[in-house]
Amino acid sequence: MEGRLDRQFYRRDVLEVAPALLGKHLVLAGEEGQRSVYTISETEAYRGGEDRACHANKGRTARTEVMFGDGGQLYMYLIYGMYWMMNIVTAGQGIPQAVLIRGLKEAAGPGRLTRLMGVDGSYYGEDLVASRRIWIEESGLNLSYSAGPRIGIDYAGDPWKDMPWRFTINP
DNA sequence: AACACGATTTCG
DNA sequence: GAAATCGTGTTT
Numbered sequence: 001m002e003g004r005l006d007r008q009f010y011r012r013d014v015l016e017v018a019p020a021l022l023g024k025h026l027v028l029a030g031e032e033g034q035r036s037v038y039t040i041s042e043t044e045a046y047r048g049g050e051d052r053a054c055h056a057n058k059g060r061t062a063r064t065e066v067m068f069g070d071g072g073q074l075y076m077y078l079i080y081g082m083y084w085m086m087n088i089v090t091a092g093q094g095i096p097q098a099v100l101i102r103g104l105k106e107a108a109g110p111g112r113l114t115r116l117m118g119v120d121g122s123y124y125g126e127d128l129v130a131s132r133r134i135w136i137e138e139s140g141l142n143l144s145y146s147a148g149p150r151i152g153i154d155y156a157g158d159p160w161k162d163m164p165w166r167f168t169i170n171p
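Here this note's numbering is used: the first residue of the first sequence is 1, the next is one more, and so on.
Because the hints were derived from the structure by calculation, they are not lab data.
C-beta: ideal position from N, C-alpha, C; glycine also.
Misleading hints may appear alongside valid ones.
Straight-line alpha carbon distances no greater than 27 Å define the calculated DSSO-like cross-link-like pairs of lysine-lysine that follow [to be verified]:
id, residue 1, residue 2
1, Lys-24, Lys-105
2, Lys-161, Lys-58
3, Lys-58, Lys-105
Pair ranges (Cβ atoms, derived) [claimed, not checked]:
id, residue 1, residue 2, range
4, Arg-52, Gly-118, 14 to 22 Å
5, Arg-115, Glu-138, 44 to 52 Å
6, Asp-154, Ala-29, 32 to 40 Å
7, Gly-81, Gly-118, 16 to 24 Å
From just these sequences and the hints, can you work out the full model?
Here it is as C-alpha cells:
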C-alpha cells in the first residue's frame, strides 16, 4: 500500500494543484531503503505561456521542455549560479505549467530545501508517479492556507507580478 | 563569442 | 546593502 499521488492529481490546472500540494508529504528514498519525509508548506504557481513570470513564457527551449510535457515530472533549474529550484509540472502535454516548492515545514526557502534534501539537476525530468527515488504521498492533512503575490518576479510587470499565486499554510 | 541577468541566500 | 556564481537566453 502506498499513498503516492497519481497522474490525475498532477494533470489539473496549476492553480488547483499548487494549493492542493500544501500539507502533502514529499518523500525521498535514501540508501538502503531508508526514506526521508518532508511536509510541503509553501508553493507558487507558474501558469503557461501567457504568464510573464513563467519561464515557459520565453518559449520552448531545452530548459523549459519538461514543462510542456505531462504533469507529475520535476522541472529543476539553477538560479544565481548556486541554488536549485524544485518545480512540479502540472496540466497535460503542451500546457506549460509548474509549481515551485518554496517551503517545507523542515526548511524555509526554495534554495535551502533543495540543499537540505540533496536534490539537484540530476532530478530534472524525474517522474513523481513512477520514480523510485522521489515522490509525493497523501498525508491526510487538510490545513487552511492563504494566497498572496509571488516572490521575486516584479520584472514580470502587470498583471502578473500581482497575481495571488503563492500559497502558504496558515500558522 | 560575448553579455546581461535571475522564481536566492548569506554576510557585513 | 552587496557579493557569490554560472547556466541560459539574447545579442554581436
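Here is how each hint holds up against the structure:
Only pairs whose Cα atoms come within 27 Å are accepted, and Lys-24 paired with Lys-105 is accepted, the gap being roughly 11 Å. Pair hint Lys-161 plus Lys-58 holds up; C-alpha atoms about 16 Å apart against a cutoff of 27 Å. For the given pair, Lys-58 sits about 32 Å from Lys-105 by alpha-carbon distance, which is inconsistent with the 27 Å threshold. The hinted window of 14 to 22 Å between Arg-52 and Gly-118 is violated, with their beta carbons roughly 32 Å apart.
In this structure the supplied range 44 to 52 Å is violated for Arg-115 paired with Glu-138, their Cβ-Cβ distance being about 26 Å. Range check, Asp-154 to Ala-29: about 38 Å between beta-carbon atoms, so the 32 to 40 Å window is met. A hinted range of 16 to 24 Å holds for the C-beta pair Gly-81 and Gly-118, which are about 18 Å apart.
Violation of the numbered hints given earlier is confined to hints 3, 4, 5; the remaining hints are satisfied by the structure.
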